[in-house]
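Novice: Protein sequence lines, in the order shown, are assigned to chains V and C. Be aware that the first sequence starts at 1, since it is given in the numbering used here, and climbs by one per residue. Be aware that the second sequence starts at 1, since it is given in the numbering used here, and climbs by one per residue.
Since the hints were made in silico from the structure, they are not lab data. All figures in this text were calculated on a predicted structure; none of them were measured in a lab. Accuracy of the hints is not assured; some may be wrong.
[As the list claims (entries may be wrong)] Using 16 Å as the maximum straight-line C-alpha spacing, the simulated EDC-like pairs for lysine to aspartate or glutamate come out as follows:
{"#": "1", "chain 1": "C", "residue 1": "Lys141", "chain 2": "C", "residue 2": "Glu267"}
{"#": "2", "chain 1": "C", "residue 1": "Lys273", "chain 2": "V", "residue 2": "Glu36"}
{"#": "3", "chain 1": "C", "residue 1": "Lys137", "chain 2": "V", "residue 2": "Glu8"}
{"#": "4", "chain 1": "V", "residue 1": "Lys12", "chain 2": "V", "residue 2": "Glu36"}
{"#": "5", "chain 1": "C", "residue 1": "Lys154", "chain 2": "V", "residue 2": "Glu49"}
[To be verified] Only part of the chain V face toward chain C is listed, based on derived beta-carbon distances under 8 Å:
{"#": "6", "residue": "Ile4"}
{"#": "7", "residue": "Ile38"}
{"#": "8", "residue": "Cys44"}
{"#": "9", "residue": "Lys59"}
{"#": "10", "residue": "Leu77"}
Think of the CB as a built atom: it goes at the ideal place given N, C-alpha and C, for glycine as much as any other residue.
Residues per chain, in single letters:
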Amino acid sequence: MSNISFEEAFSKLERIAERLEMGELTLEESLKLYEEGIKYSRICIKILEDAKRRIDVVKITENEGFTIEEIDPEEILKNENE
Amino acid sequence: MNNNIYTVSQVNSYIRYLLESDEYLSSIKIIGEVSNLYLPRIKGRHIYFTLKDETSRIKCIIFSNFFNYLDVFPQNGMKIIVEGRIGVYERTGEYSLYVSRIYPQGIGELNKAFEVLKEKLEKEGLFDQKRKRPLPKLPKKIGIITSIDGAAVKDIIKNALRRFPNLSFVIFPVHVQGVKSALEIVRAFEIIKNYDFGLDFIVIARGGGSLEELWPFNEEIVARAIYSSPLPVVSAIGHERDVTISDLVSDLRVSTPSMVAERAVPEKEELIKRILMLIKIMKNSIESRISIKEEFLKHLLRFPIFQRPEEEIISKRLKLINDFTKEMYMKEKSIYEKKKEKLDETLKRFSSLNPLNTLNRGYTITYKYPDNILIKSIEELNRKSNKIKTIFKDGEVISNIEEVRGVK
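Based on the provided sequences and hints, a complete structural model is requested.
Specialist: Right, dumping it as C-alpha cells:
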C-alpha cells in the first residue's frame, strides 16, 4: 500500500468515486468503498506533500566520469533577470 | 640514380610513410562536392565517396568508428568541407582522405542534410507515433540536458516550481551549439542510462537560435541517443517555428523551454482540488444513499402506529382483548349449553332404563341370598345355597328353593 504510485492511487480513487456515484451498491458496500476511497485520497495527498524541492548538477569529468553537486534552487530562480 | 631494385610492397610502404608523416596532410580540411557516394548497408562497414571540384577529385573514406563524430551524412551533390588525414592503402597503392569530420556548407546544405537525415530516420521508424511514451502524471524528479548558463534551464525550473513547488531536478550541463554539443548530449544520455538518478523523464532544451546554432539537435547521434533513452524525453528547442530532428524523435515536443512545465508538470493545487472533488463526490453519493433511507424512514413514520403509538397499541390491544373475551364467552356458553342438552337427554334415557319402571310392569329381580348377586340364569344357582331374594316393585321376599327346573 505504501509503495503505490500517485497514478495508481489517484485512478483507484477516481474509480471508487465513479462506482459510488452510480449507486448500485448496498449501503454497507457503499460505506466500505467510501472508506477505501478516503484511504486512497490520503495516499494521494501524502505523495503530493512528500515530494522534495532539490536541484543537483551532474558534471562530466575528464576521465569520462561525472560528479554530482547539489545547488540551492534559489540560485537558479533569483538571477532570472540577469 | 639509385640502382637498387625494390618490391612493389616496399615502394608502397615508402610512399605511405612519406604521405602519412607529412605534417600538412595529417590534418587537413578540403572543400568540394560529394559524388560516387557508397553508404554501407551493413553496420560496421565504412562510407566511401569522392570529393571533387571542377578539375580534380580525391577519394574519401569515413571509417565506421568515426560515424559518431559526423554532423551529417554526406550526400551526392552536397557541398561540404571534410576534415581528416591522407592515408595510403598499401595493397592497392591508393591514397585517400580518411575523414574525421564533415561540415556542410551554407544553409542550403544544412537544409539538405536535415531532409536526408529526416527521411532516413523516418524510414527506420524513429519518429513513429506508436513509440511515443506517455509522461508520468506526477513527476518527482526531472532531468534537464541543456546549458547551465542559458535562459532555458531557468525557464524550465521556474515555471515547473510555480506549478509544483516541491519538485526535484538534475541538470546535465552541455554545450548547446558547436561540434562538441552533440557529443556532450550523447554522453549525458549515456550517464542517465547507466546511473539511477530516479528521474521520471528527461528534458532536452535550448533557447532560440539560427539553423547552425540549433544544428546539434539535428545530428543523428543525438537523435539515436533520444531514441534509445529508457526514459521519456521532452524536447524544448528553439522557437515554435524551429523543428529539429530531436523534436521529431522525442516522446513529447514543446515549442519553447518555458512551455515544458505546462505540458509535463501538473499543477499541485489543481491535483489537490481534483482529489477534494472526488472526496466530495464520494461523500455526496454516500449521503444521498443515507438520505434515501431517511426518506423511506419518514414515509414509514407517517403510519399511525408511529404517530401515536400508545393510543394505537393500547386501543388495538383492548379491542383484541375484548374480542377475545367475547369469543371465549360465546364459546364457553355454547359448550355449556351443549353439555346441558346432552345431560338432559342422558337423564331422560336413564329414566327410561330405570329397572324400577320394569318392576312397575310386574317383573321382579332375583338375587342370591345373602350374597346379593344378580341371577340371570338357573345355572348360577348354587344347590347348596338355597336362599334367594326377589325384589318387587314395593318390597322384597326371601325364599327357600324347593326345586330347579330348566325350560324344555
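Novice: Sort out which numbered hints this structure fails and list those numbers smallest first.
Specialist: 2, 5 and 6
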